[in-house]
Amino acid sequence: MKLTKALAIGFVISTTVLSAHAQRRAEPSGPPNPFAGNSQAIAQGEQAYNQSCTSCHGPNGGAGEIGPEIIHNLSVPLRGELNDDQILDVIRNGAPGTAMPAWKGKLADDDILKIGAFLHALRGTAIDNPLPGNVAHGEEIFWGKGQCGSCHMLSGKGALKGPDLSNVAAEYKSNLIVDALTKPNHRVYGDGGVHLRSLPPMDTYDAVHITLSGGGTLDGVLLNQDSYSLQLLGDDNQLHLLQRAQVRALTVKPALMPTDYDKRLTKDEFDDLMAFLTRQGRKAPAASASRNAEQE
Amino acid sequence: MKNFASAWGRGIFRTLLMGTAVALCASAASAQDVYPAQPGKDWPIYGGSYNNQRYSSLKEITPANAGNLQGKWTYHVEGLQGLESVPVVVNGVMYVSGYNRIDALDARTGNVVWRFRRQPATPAYQRGAAVAHNRVYITTNDGHVLALDARTGAQIWESKGGPKVSFSGMPPMVANGKILVAGNRFGTVGDGGGFIQAYDEQTGEYRWTWRAVPENGDPALDSWGGHVPGGGPIWIGGAYDPELKLVYYGTGQPNPQWSGKGRPGDNLYSDCIVALDIDTGKLKWYFQNTPHDTHDYDSTEIIVLADMTFKGKPRKLALQANRNGYYYILDRTNGEFLQATPFVSRVDWGTVDPKTGKGQPDPAHEPTVKGTITCPSTAGATNWPSPAYNPVTGLFYVTTTEGCGVNTLASSAPDSETSYLESPRDKEAWQLYTRAIDARTGTIKWDYKQVRSNHYGPGLLTSEGGIVFSPEQFGQVSVLDAKTGRSLWHYNTGDLITASPLTYSVDGHQYLAIASGTNIFTFGLPDRSTAVEKKP
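Protein chains in written order, with this note's numbering: chain G, 1 to 296; chain X, 1 to 536.
Derived by calculation from the structure, the hints in this document are not laboratory data.
On a predicted model such as this, the values are computed, not experimentally measured, just so you know.
Treat the hints loosely; a few may be bogus.
To be verified - Simulated pairs of lysine-lysine, BS3-like, Cα-Cα distance not exceeding 30 Å:
1) X:K427 with G:K183
2) G:K253 with X:K427
3) G:K104 with X:K370
4) G:K161 with X:K449
5) X:K449 with G:K253
6) X:K427 with G:K161
7) X:K282 with G:K106
8) G:K183 with X:K355
One chain only, chain X, in its complex shape:
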């Protein structure tokens, strides 16, 4: 107590020093090279790094010591109906986002550093923020991007110009001097289709838009049989290759979702993996996973970029475990199809040509008024939970749903649809697994069954320490051995989990973190750094 004034003074001095240090580090980074190739101390964007491998360089937590993990702190996020976001961490500060809001926390203790709130307040689900150059970027639910000062939450700019849009709440990407965002509705009413947009990182000025539905003059318009194209929503973050200067995104289903009668053709660019030039937003190539989709098999699953020798040749690859049940390997320089293998036991919506990768839907599985059973279900063989890739084990880890579903139409009208259900057949009920796939061959190497979890579920991460951090829909979080899938440690958060996890370090100590319900949970190994020193 007697030292309060000087302690306060020291605190201010230290804060100023740290602030300066942060600012110096930030200005040293070039616009082209915002993030390291692999997440380590920081987890600055949704996928940890541009390649979305979610492969951390941190090694403190290993299979040998994971059994000693313990809860470090919990933070309740007020005013939201649930969290699906991945918090981001830079320089020991964790940023937890919602639409129009950020909570900045001390990542060691969970204590609030600052809060930012902008009207209108909304409890809606949102997926995350991005941090770069001492700024935090988030989207609003009224079509704006915001840049905040990472130290205080002060608003630096609100995006300017560009067409009216609705953002989907997916995390922004900071790359090559731009902020990339996306959404489901170009325009503010009706079905304008999915889109990707770029704004200037410094000023927030609008730069470009790419639309997932073809515009007049685009030959892809012929793939709609005269129907006005719609759909192609984009609601999850992309990947970026700084050398190729290409961004990669997945697009969603064509509209109407379950009725294809009124839109004969492949319906481009729905259910595609697309590569865009980051400077211009022009389409470099596309690959359509599910042509003429009538099962809502969005291709919005996270795209993972990896460089490896594939069939004897060094390749720059794009990997995706798709909602339609196939694990795809593409050459990301040009979109060349290399391989597709089913990663669930039952796939009957159609076939995939092993040479071209072209999907051929089976008409017997078209949704009907009576209901048609199809595998996988509309919920997908996987969905938005992030997969992870570990170059050391060579395994691609993905939250997988085994099971089938029923698709029904409300009537025989061309645009009629209702919803989807779980298959009533016993062996087609939904069951979640944490599944390890050989990244080159697509062979399933091990499964961890998430008991009782059956729908969507959370994402994964892996590390140089040799672990997979594997949360479950029904609230358990586990650390698995990355090689074998053996469970090493677990903790029950007591609420649903539909977010993907992150790992970071502060003061040399590694933390694992995950959003569950409306709380952030963090875990780490025992240490004495937080112990209260006994007075003599």
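Bound conformation, chain G alone:
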């Protein structure tokens, strides 16, 4: 269906090839992986992965010199991305025409399934496989030493400047949450060929200083803007809806979000904070395969 649709669309040339590439492999739809979501099996899967797969695909499936990345840092699946069953099929039977061998017979099938469970955990959002640690202590760090609550809100408690984190673990992968606290340049980019279906929100939370045409200044976080207007959450916790004509000058200030939490906190404190954050959210019904079909 996806192939037919893509060809009918026609002008997104890349789509046809990518879809065709993905479609070369018949889509197996086996029984659900019995180890999916089992933390002990996932840990064993990680071990098995490190023994057999890392040398080509890199640690945690992030791409090596020979094999492609299995886990990417994108917020959306790539076009043509393999689903869990297709990945298991590639592991068992190999990928003809590439260096990827068939592991059936070389690895026990339970190990292959555990590798599949490990990759599923890596590919899912944080809530699918929350990071280990002392969750209660992580919550103390969130509101205390970490000062997260001075910008962010959790279920109505906290502050407004940063994004609401009430559902963060259901929206982002664990590695992206870790990146957001530790890497200055952690912007998440999507697949370049995907057509947007609707106007996306502005989610950069730029801190700005505005000089108004009529005199005075405003500081705050930009919630959105277009060629003619700005929508600002002021440091006064009020919304300021401005026409560009009202703005004499706008400067973007250094980002408000610290990205050195791995240094501000001890390793245990950081791990516990991550254990807390990767549990904030509602588990979504499984629908990752159909999400992919919506793209071009």
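With chain G's structure known, arrange chain X on it following the hints.
Structure of chain X alone, referenced to chain G:
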């Protein structure tokens, strides 16, 4: 109410009269001269006229009064996932197309005149229809061209004969007694390569095919290093010169898209501007913008035809702002390369020989498993949005993307590829501009930044009134001063825009129109013609 019967009678009489008038006008036009050189009252094909200048003769809307523009009507097109088509307007009727379907609207009010639907229904994106000689022409998603009566939507013919193909949804062209269409896949399965086809305008009989991949006996086959040629998709409309009897089209990338190892050589006729004899479909000349492409730099950007003095000599030119970041000027009589200038700040995929125009890809920018950053990105310095050329300002207006991208391969296998991403480096993020380039020198004259818009984006038009109508990807539509780029008026449509705009007039009033999301929006100056008269 009491006059209902006579009003109805008058309406019928008027309709019959108008129909006759339309038919007379239509039969007066010769097969060679279907459209005026410049769009005015009507916008009958995708580019407004054969030369794709999108330079309207309408003068009602000017920089002086554009600030008074207001919404006239909106029409929701049901059943489509989005609109990328340019509606066409002839004699006050607007035709909005999808695959297998047309909605005909009163272009003053948006009210439906008729609808045509053919099975199978599909929500897929499609680019447009063409109107000529009282007929509307569209393509279907099962490889047919249809001719409908422009007054009622009645089907006159369905194309007959010819090889099996899949059309790309690009708008048909009506020229010299033929309907020209194109697509990405010659045949119905596998990679048969891009093609252009002609059918007889009167009967729908198949006439000829030109294929973008060389066939046996063509020396261009040597440019594939023994690899079976593939790709060269053609998914956007062409231009036509009625005097030279040549049609001009751009072809897409070679296959595999991002991996060139298995296809050493220039890979003709991928990423080319080609000129074909309209009577025979034979190749008259070609110019390849990006030889041995590994970045998906399709040359399918709209080709604009313009006559002007270039370096002291009057020339018939073909102009193209290419996806690879260069603005090309060719002599369209023979394909002679005249000039190429970068129109974006960063171009590093390779170099272009200033004398011959021959592109030389830089091997350091070949896609790899790890990912290689290259400028422009695969999304291109521009893409399918239509540019516009205004002979009075001498400016070529083009929706431009500044930014770079990452190309990755899935493995080291010769045909392996995955996709492309925006560059993660801060200053290489994608940003759209409405950019005015001096058409002769390629110098950038002004920029209008489309705040937040960063990908593909809509096309443009310009007019004798001195404006540029400039929609934005993120839903704003603006009228800019054609000389300075200063914004004069704007309106938020509230949805994404990836179509190109049109302008037309009915009853002497100029309208601007654009598809946004699944709606058509129209704008015009205030007038009282639609006001309800007060009863005494």
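Structure versus earlier hints, numbers of those that do not hold, lowest first: 7, 8
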